[in-house]
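Trainee: Keeping their order, the protein sequence lines are chains A and B.
Position 15, counted from 1, in the first sequence is what the numbering used here calls 965; the numbers after and before it change by one each time, with no gaps.
Position 284, counted from 1, in the second sequence is what the numbering used here calls 298; the numbers after and before it change by one each time, with no gaps.
The hints are simulated quantities; they were obtained by calculation from the structure and are not laboratory data.
Just so it is clear, the structure is predicted and the values come from calculations on it, not from any experiment.
Check before you lean on any hint, since a few could be wrong.
Derived coverage of chain A by chain B (criterion: at least 3 residues anywhere in the stretch with Cβ under 8 Å from a Cβ of chain B; other residues may be distant) [unchecked claim]: (1) 1000-1012; (2) 1017-1025; (3) 1032-1041.
Partner residues are not named here, just some residues of chain B that face chain A (Cβ under 10 Å, in silico) [unchecked claim]: (4) SER169; (5) TRP205; (6) LEU247; (7) THR249; (8) GLU251; (9) GLY256; (10) ILE357; (11) LEU358; (12) GLU359.
Don't be surprised by glycine CBs; every beta carbon is placed ideally from N, CA and C.
Letter by letter, the chains look like this.
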Amino acid sequence: MAFFQKTDASGVLLLARGDNIAVATAELPAGTQREVDGQKIGLRARVDVGHKFAVRPIPSGSRIVKYGAPIGVATRDIDAGEYVHTHNMTSDYLPTYTLEGGRQFVKEVK
Amino acid sequence: MTLTGYLRTDGRKGIRNGIIVSYLVECAHHVAREIVHPFRSQGVQLIGFSGCYPNAYSHKMMERLCTHPNTGAALLVSLGCEGFNKSALLETVRKSGRPARLVVIQDTGGTRKSIAEGQAWIEQTLAQLEATPRTEMGINELIVGTKCGGSDATSGLTANPAMGRAFDFLVEQNAACIFEETGELIGMENWMAQRAATPELGQEIINTVGKAARYYATMGHASFAPGNADGGLTTIEEKSLGAYAKSGQSRISGIVKPGDVPITGGLYLMDMIPDGEVRFGFPNINDNAEIAEMIACGAHLVMFSTGRGSVVGSAVSPIIKVCANPKTYKRMSDDMDVDAGRILEGRATLDEVGREIYDLLIDVANGKPTKSEALGHQEFVLTYKSFEPLGPACFPSAA
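Pulled out of the complex, with its shape left as it was, chain B reads as follows (with noise of 0.2 Å):
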């Protein structure tokens, strides 16, 4: 099985080959959306970052998303004398190969004239990605996400481990698979220490999830949102056991941080909870957060899976929403692209939904949009964090 990618010069393969507008601070973020908007369904995405202040995991996650293998170029605006390092930026997409362009307001002569210039700058660009070489792409060179949100007690049930099983499929064929919110799998961390390749990565496994369990405390708060209750699930625990479901059953290759690529396949953990002192703000504001994270891995796909039903998509990557509980899918069926319900239902298997989820995949990665990207779905955040680099410990692989 081969599917059919871009072609990067530095030799990865994207599935999508969209033009990235980011505005670099919230000043320039209505010049941008307006320069995205004739063209918004043409593969012309919408990204930002709001503040002012330079921040090193921010500038990473730009960098990674605007040469991300699904991009094919980038546009930058900025106000002009906002701290985010727009030249450094603009080389690193430059070098990559790509078209790009930085269009800066200040010295364009304002929001008129800079928006002119940037959708020129877009018609010449859309009709110059035509010519984006094409060539075979394996699935051991994908890199799939998972996530879920808005969860009930049927995700853990139902999308998540049929995901998981997705998730084992892949690894099998040597795709590299991420999953993530180590703040979702307290209480899981002594359990997956034992899937990892390493008993040294697993104590890294269990200190990355501690970490997370201490940064919740000292907030006050967890990712347990109110709506879960309602749903069906009564604690954290209860929540991270369906949350630790969409890992599937393969061994544990590794642990990234925001902005890392696997270097190999295989399945990792991305650990998104920032180090140092507990600073003021949670360490994801929401799920998009978390999905620009693991695109910023590299990610050409994420899965999404949704008890309580949300909507969401994304920019750079295609999102495939699973829809765990029945009756979602029934009121919600135009944002869902696997009814996993049906396992409730015992309309089908465990095996089969997640065969189904995999074979969707695969039509995605060949070029089917998913139900999001059809809506036009194009969320994007991305805020303060910071982090220190991983040790040995965590690439095994490597070693």
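Bound-form chain A, shown alone (with noise of 0.2 Å):
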């Protein structure tokens, strides 16, 4: 049963173990710190709710996990606590579109 778990007081969601990504239930400030799985993560961005950050390094070419299942691949080399999104990962499927608001939305946090 992997699509629910109760909701953690930190603002983190993770839908299932075994995840790269973490789904954030609050906005999450970037520098925010958080225990995920044991691991310790640094946001290196802001991440709104329902977006999402890497929870481990994830190689460029491989797989995006959520509820144990592939919802793409990734880009470039992500680094855990990178915001993901449609600058590092893309569909197996079918291109993304996205409007104007959306490209500032995804443009790089320095």
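Hey, can you piece these two chains together into the complex? The hints should help.
Mentor: Printed below as a string of structure tokens:
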């Protein structure tokens, strides 16, 4: 049963053990420190509610795993704590279209 | 637990007793809308088909909707020269025992006379429908659909798995439950095949999703809307994973196409992607096209999840809106029936929200209006499509 675990108060939801990304259930500012699945993670950028970040290093070309299922592939090396979205992963099936706002949204935070 | 339904001559039971006013070509749309207007809060609802040329799919859709268990009577509004087979539709509705009437604008003498004739018929029929027999109805006689729209990443975390849980409660009691959006399940097909009642059905599920993937690839587009990316979803697979959660955990009993009514309880996948070569035009131009298709499969009710905040309802069957995102709920609570975002806030569990959806569904089946019903939402859309009949592998329970 991979669909639900009780949300912990820290605003981080790891949907299934073994996932390499976790979902923010609260707005998490850059620099937020959390322990996820026994790993200490420092967020490199702000992560909004429903958005996701890497909980371990993900090499370019490997699968992004959520709920235990592949949701796409990393287009470059992703570090633990890095925001994961259209700028560093892509679909195995169909291209993703974004609005101007969407593109701004995924601009890298230095 | 039993419900009270409106008994129809085919033995099916409805949870509403509305009058459908249907225009059979865009040229009759205004007249039909004007006929409905004074009665729109009395269960009189507008549906229609805009095309001038006949189409087997839209004819079947119209037949199913005009003889839907929630439909008590039907008024057909024709310009006169369109291709829709109006006499066949009228005959089907009359044979079902429902009051039915055809107003042909060209024969009646134009807009004003047609509106007057239609409204006079509605007044008389509303009175007549008060005598519709009501009878006990079991949960196993219910057909429920599920749909998501205006999704964001919270949809797949809260509302969709909670609706999936409500589906599991319903399937346990042998209700028929329909999930769909095969184009939004791309990437989930192998996982779904493992849940199928038979290996042959599993293969049909894979084929069905494959057809959707080819269709979208040919069209150069997908069901992935830019707003989804703003909400945190990155790929079609990630969105699919969330959409997939609506189906719950039950065994998949079969596949239906729009207008096919499940003959037994269980969980069904609706294949809404047209068959044959890809033709110009999106297979489903918006959420309401799919809602109408599930209703044509007999759905008495449709659960609809939204993260970004959709406000839609539907003609014929009530829509229960489950809001996935707590921020959206705070902004748009007047439109939302269930606050599933509490799961994200740690204020409720998935099981609790699933149960709440189920309990509300029973209340709505017993007559409680949903938010969208109370607000007068009666969205409807029907376009051209073509389908081929399903093979026996899609109905293992019929074998």
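Trainee: Does each hint hold? Answer for all of them.
Mentor: Going down the list of hints, with the structure as the test:
1. Beta-carbon proximity to chain B at under 8 Å applies to 3 residues in the segment 1000-1012 of chain A; the threshold of 3 is reached and the given coverage holds.
2. Only when three residues or more bring their CB closer than 8 Å to a CB of chain B does the claim for the segment 1017-1025 of chain A stand; here the count is 5, and the claim holds.
3. Note: the segment 1032-1041 of chain A has 6 residues with beta-carbon separation from chain B under 8 Å; the three-residue rule is met and the coverage holds.
4. Because the beta carbon of SER169 of chain B sits about 9 Å from the nearest beta carbon in chain A, less than 10 Å, this interface hint is met.
5. The interface hint given for TRP205 of chain B holds, since its Cβ lies 7 Å from the closest Cβ of chain A, which is under the 10 Å cut-off.
6. A least Cβ separation of about 8 Å between LEU247 of chain B and chain A falls short of the 10 Å threshold, and the interface hint therefore holds.
7. Nearest Cβ of chain A to the Cβ of THR249 of chain B: about 4 Å, under the 10 Å cut. The hint holds.
8. Using the Cβ-Cβ criterion of 10 Å, the hint placing GLU251 of chain B at the interface with chain A is satisfied: the shortest such distance is roughly 4 Å.
9. A hinted interface residue such as GLY256 of chain B counts as satisfied when its beta carbon comes closer than 10 Å to some beta carbon of chain A; here the least separation is about 9 Å, so the hint holds.
10. Given the 10 Å rule on beta carbons, the hint for ILE357 of chain B holds: about 7 Å separates it from the nearest Cβ of chain A.
11. The restraint placing LEU358 of chain B at the interface with chain A holds, with a minimum CB-CB distance near 5 Å, inside the 10 Å limit.
12. A distance limit of 10 Å between C-beta atoms decides the matter here; for GLU359 of chain B the minimum to chain A is near 8 Å, and the interface restraint holds.
Of the numbered hints listed earlier, not one is contradicted by the structure.
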